[in-house]
Structure formats: structure tokens, C-alpha cells
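Q: Sequence:
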Amino acid sequence: MKKQKTLSVLAATFALGSLLAGCGGGGGQNAAPPQNGTTEQNGGNTGGASEGGKLEKLVIGVVGPMSGQYSDYGSTAKAGAEYALKEKLEEFKKLGFDVQLSAQDDQADPKQGVAVAQMLISNPDVVGVVGHATTGASITAAAQYDQESLVMVSPSATGSDLTEQGKKIVHRICARDDQQGSKAAVYAKNQLGIKTAYLMHDKQAYGQGLAEEVKKQFEKDGVQVVGFEGVTAGEKDYSAVINQIIAAKPDMIYFGGYYSDAGIIVKQAREKGFKGVFMGGDGYDSADLVKIAGTENANNVVFTSTVGDVGATEEGKKWIADFEQSTGNKVGIFTSFGYDSMGVMLNGLEEAIKANGGKKPTREQVLEAVHKTKDFKGKFVNVTFNDKGDNEFASVYVYKYENGQKVYIGEAK
103 MKKQKTLSVL AATFALGSLL AGCGGGGGQN AAPPQNGTTE QNGGNTGGAS
153 EGGKLEKLVI GVVGPMSGQY SDYGSTAKAG AEYALKEKLE EFKKLGFDVQ
203 LSAQDDQADP KQGVAVAQML ISNPDVVGVV GHATTGASIT AAAQYDQESL
253 VMVSPSATGS DLTEQGKKIV HRICARDDQQ GSKAAVYAKN QLGIKTAYLM
303 HDKQAYGQGL AEEVKKQFEK DGVQVVGFEG VTAGEKDYSA VINQIIAAKP
353 DMIYFGGYYS DAGIIVKQAR EKGFKGVFMG GDGYDSADLV KIAGTENANN
403 VVFTSTVGDV GATEEGKKWI ADFEQSTGNK VGIFTSFGYD SMGVMLNGLE
453 EAIKANGGKK PTREQVLEAV HKTKDFKGKF VNVTFNDKGD NEFASVYVYK
503 YENGQKVYIG EAK
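Residues 103 to 515 in the numbering used here are what the sequence shown spells out, letter by letter.
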């Protein structure tokens, strides 16, 4: 752990950063305050119970964009993680521990990701992190967590580089961009009959990485890439690049990025007469894309996702009903993977407690237990981590928008 003086500086830096930093791409709200899964400190006398019968506190951070234009990702993952923790609280109390949740807003900003990571590290009760939700913030935060052996399990950070940097603390239950991008390209060629495509991206780690993987697979399979262009996220007018696209007359436009920009691009391209297919990754998975683009314009927008159809089975439908009744929230894009990511973390925490003779485990012990996760039966995805921290059971799925509704097509083959 850092010296006390260093921690004081970090805390001051974080407080100032929270006042100045903005959401998503730059402006907005301050980081959300910690939100505890429980605040109860009384209970059993076994395991980690401290002197006097009080429960020992353990904290799990849950981090992602909770405000700003990408808040769907962080807030839905947080809701699922909270629900998973709530179900396990009593089991941990019997072991002598009060497990609390600290929800933090990194605003999908790599710099804010660092500030949040440093703040969580400074709390000695924090033994793991569910998150971060986006790739850019995950990469910068991971560099901080690695110094302190603080394990992270992301529900949704898909960038391939995240687990290629050799940091043992990094884990994710979702598929990587090289899986998502290549399978998207294969699907476009084989199922949609695409022969020519214009590729765009938002110059960010997630969006550019996806577009590059699609380009690589298209070139391998003989699909002609008639353009590859980076644009600035957050712009309101993409006419310059759209004019180039219209002139090139591609069968498909692929945009690597998030729904807020994708919706604008879809709307403006349709208004200029583009009638072909739009395609993207799980960054398109938001009802706001349809609101921005317009219902009719969003028809024939196809996207891949690392999350399957939660309501495809009777068990899934029951879980949705129970979740919504218990929490008052609707199931969103990463609710299910937030739930399973917390499940993986809690399983590792329990194993670490048992391996430590029922006493409070160190961060290193929790890291070792999580890293060894094998054949964990999640509610929505099974999890076995390889040495890099990738999930061997991760898959890619295909959806489309039709008459304003998200329609599940199936697993990408």
C-alpha cells in the first residue's frame, strides 16, 4: 500500500478531478458517491467476525459510466451487480463478513478511470472491482490496480489490448473485439451478402479496435473495403464523411463506436439517401439509438453484442421478472453480465476466505482465487479464465432494430 502522505495527495487530486472532469467525452456530473450493498455491521460470531461480535467489512468496487452519454453501460451493470450481492449477503454474514458495494462513476473517461482506481486502492477494505465497463477506462485503471494486486472483473470491456498487456489482475467475462469484429464481418458477408463496405470509427480504443478487426476479416474474405475513416466522437454534423460514403455507394456502412454518435450518423446518411445496411458492435445496444436516428431510419441497423437474449428461456424470463420486482429497475444492456461478473467476484472472495482459514483475505489472495476461476456456472454465461484473463466461454450474438424494437437474431457463426 502507498504511504499515508501519498494517499492524502491522491484523495485531494481525486476530489479536485471530480469537480473539474466531465462525463463521457468531457463535461458533466461528479463521480457518484459510494453506494453500499449493505451498511449493517452486526451479526454472527464466526469466521471473520471481529472482537465484540461485529462483522468485518469487505468492499467491492463497481465502476463504469454512471452519468453522461454512456451511462447505460455503467448503470445497468451496477444494477445487476447490486442484485447479485444482495442475494449473497446472508451467506457472507454467516462467514463473519459484511460485504459492501462502492459504486463509482468513471464517466467512460480514461483519466477519470485512473482517479477512481486510485481512490479505491486507497481504501484497505476494497478487495476487488467489478468493472470497468468501457475499454479505455479499463486499460488506464488496470495499470493502477496492477500495482496493488487489486483484481478486476469487467462485464463489458471488449478491447483486445486490455488482456494483452500481461496484467494478472485483469479479467472479463465478455468476448473480445477481435472475436466480435471478425464474427461481425463473417456474418455480414455470409448472411447479409455484403460485397462492399465503408468502415468508420470514433478514434477511441473500443470503436477503432472493432473497425480494424472488421477490416482485417473483410480483406481476408474478399469483401471490398471502399473507405476507412476516423471521425471525432461527439460531433453533430458528419456530412463530410457521409458525402464520401454516398459517392462510394457501398452495400454497408460499419461504424465502430457508441450509440450516441451512431444514431446521428444513421440519421444523416439516411437523409442523404443511403438505403443499405448499417452495422456496429454492442455500443449500438441502446433504445436511444432509435430515438436519435428515428424509428424508420433505424430499420436495417444490425449490431453484434457480447450478451445474448436474457429472456430467451423460461428461466431467463423468471429472472427478469424477479429482478424488476425486487429492484424497480428494467433489465438493461449489461444488467445480466454485471450480475454474473459480481457472481464471479463473490465466488472468488468466498474461496479466498476459506483458503485463509475463515479470516479476512488479502487482495493477493482474492486475486489468486478469482484468477483460478474454472467452470463457474453463471446465470447467463459460464466462466473459465485463461492465463490472460479472457473467458473461454464468451460468445458473440447478433441483433437488429426493426420498427423501433431490438430483435434478437442469434449467435454469430
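If you're looking for bench data, these hints aren't it; they were derived computationally from the structure. Errors might be hidden in some of the hints.
As the list claims (entries may be wrong) - Straight-line alpha carbon distances no greater than 27 Å define the calculated DSSO-like cross-link-like pairs of lysine-lysine that follow:
| no. | residue 1 | residue 2 |
| --- | --- | --- |
| 1 | K291 | K269 |
| 2 | K490 | K420 |
| 3 | K322 | K515 |
| 4 | K462 | K196 |
| 5 | K432 | K474 |
| 6 | K213 | K196 |
| 7 | K156 | K188 |
| 8 | K476 | K515 |
| 9 | K515 | K502 |
| 10 | K190 | K515 |
| 11 | K269 | K322 |
| 12 | K474 | K159 |
| 13 | K432 | K490 |
| 14 | K419 | K479 |
| 15 | K432 | K462 |
Keep in mind that this is a model prediction, so the values were computed, not measured.
Q: Does K322 lie within 27 Å of K269 when you go C-alpha to C-alpha?
A: Violated. K269 to K322 sits at ~31 Å, over the 27 Å cutoff.
Q: Check the hint pairing K213 with K196 against an upper bound of 27 Å on the C-alpha distance.
A: 39 Å, violated
Q: Between the alpha carbons of K462 and K196, is the straight-line distance 27 Å or under?
A: The hint holds at about 13 Å.
Q: Does the structure keep K322 and K515 at a Cα separation of 27 Å or less?
A: With Cα atoms ~16 Å apart, K322 and K515 stay inside 27 Å; holds.
Q: For the pair we were handed, K476 and K515, check the Cα-Cα distance against 27 Å.
A: At roughly 25 Å apart (the allowed maximum being 27 Å), K515 and K476 satisfy the hint.
Q: Straight-line Cα separation of K432 and K490 no greater than 27 Å?
A: At roughly 33 Å apart (the allowed maximum being 27 Å), K490 and K432 break the hint.
Q: What's the verdict on K419 and K479, does the C-alpha distance respect the 27 Å limit or exceed it?
A: OK: K419 and K479 at ~18 Å, within 27 Å.
Q: Can you confirm whether the C-alpha distance between K474 and K159 stays at or below 27 Å?
A: Holds, at roughly 24 Å.
Q: Below or equal to 27 Å on CA atoms is what counts here, so check K190 against K515.
A: Distance of about 36 Å is beyond 27 Å: violated.
Q: Tell me if the straight-line CA distance from K432 to K462 falls inside 27 Å.
A: Answer violated: K432 to K462 is near 35 Å, above 27 Å.
Q: Next pair to validate is K432 with K474; report whether the Cα-Cα distance is within 27 Å.
A: 33 Å, violated
Q: Given the hint that K515 pairs with K502, does the C-alpha gap stay at or below 27 Å?
A: Holds: K515 and K502 sit about 16 Å apart, inside 27 Å.
Violated hints for the displayed structure, listed by number in ascending order: 1, 2, 5, 6, 10, 11, 13, 15.
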